[in-house]
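Chains as they are written, first to last, in our numbering: chain A, 1035 to 1148; chain B, 232 to 345.
Hints were generated in silico from the structure; no laboratory data involved. Take these hints with a grain of salt, some might be off.
[Said to hold, decoys possible] Simulated crosslink set (DSS-like; lysine-lysine; CA at most 30 Å straight-line): (1) B:K288 - A:K1083; (2) B:K309 - B:K245; (3) A:K1140 - B:K245; (4) A:K1086 - B:K242; (5) B:K309 - A:K1140; (6) A:K1140 - B:K242; (7) B:K288 - A:K1140.
Keep in mind that this is a model prediction, so the values were computed, not measured.
Listed here are the chains, written in short residue letters.
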Amino acid sequence: GDSVTQMEGPVTLSEEAFLTINCTYTATGYPSLFWYVQYPGEGLQLLLKATKADDKGSNKGFEATYRKETTSFHLEKGSVQVSDSAVYFCALGDTTGANSKLTFGKGITLSVRP
Amino acid sequence: GAGVSQSPRYKVAKRGQDVALRCDPISGHVSLFWYQQALGQGPEFLTYFQNEAQLDKSGLPSDRFFAERPEGSVSTLKIQRTQQEDSAVYLCASSLLEYTDTQYFGPGTRLTVL
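Put together the whole structure using the sequences plus the hints.
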């Protein structure tokens, strides 16, 4: 079945550092790929998405490129801020066509210190 | 406008009790999803509704779990004879159309079974 693997956390960075969070996936078809973020005390919210190979999703300075050849969707940001401290989840959309349910990775906690 | 709301936000149950968790999706959203998130894990799909029809319940872990959405808006997830392994955060998400990528998540209900 479909699955998502995220790098182990937590990650602690200083403000303005470069961020990479790795995500790889296994899927039978060609899923849409997502990054969701959960800020402290808030619900999950969509950060960015990509629907086909070589697409780049971007939002709030974050970027991720859908790499079919490496089955990856790594999240990057050039200069993190304290306000980026949150839990980040990589996810893929259903490939069976039955509905648009999501399969999530375990999530990774990012802490950014001033 | 209002987002997805869930109630109660926290629920403590004794083992063997029945619980009911409520989800109010965004008005007009056709699709509604329930996910279960164990501590330190990503959300896992439980069930999917398109309007009032439950089209996919493949993720429900046992027949103690039951979900309904009788009028195509509010949904209730019921767990009968709760067990300790049911302790988790239960997330509800809605999306506008049946195959829309973006799901909007509620804050979740944290269930603790003693």
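These are the hints, each one checked on the structure:
Between the alpha carbons of B:K288 and A:K1083 the distance comes to roughly 26 Å, so the proposed pair stays at or under 30 Å and holds. Straight-line distance between C-alpha atoms of B:K309 and B:K245 comes to about 15 Å, which keeps the hinted pair within the 30 Å bound. Among the hinted pairs, A:K1140 with B:K245 is consistent with the structure: their alpha-carbon atoms are about 28 Å apart, no more than 30 Å. The hinted pair formed by A:K1086 and B:K242 fails the criterion: a straight-line CA distance of about 40 Å is larger than 30 Å.
Our distance criterion of 30 Å between C-alpha atoms is met by B:K309 and A:K1140, whose separation comes to about 25 Å. Among the hinted pairs, A:K1140 with B:K242 is consistent with the structure: their alpha-carbon atoms are about 24 Å apart, no more than 30 Å. With a C-alpha separation of about 22 Å, the suggested pair B:K288 and A:K1140 falls inside the 30 Å cut-off, and the hint holds.
The structure fails hint 4 only (numbered hints given earlier).
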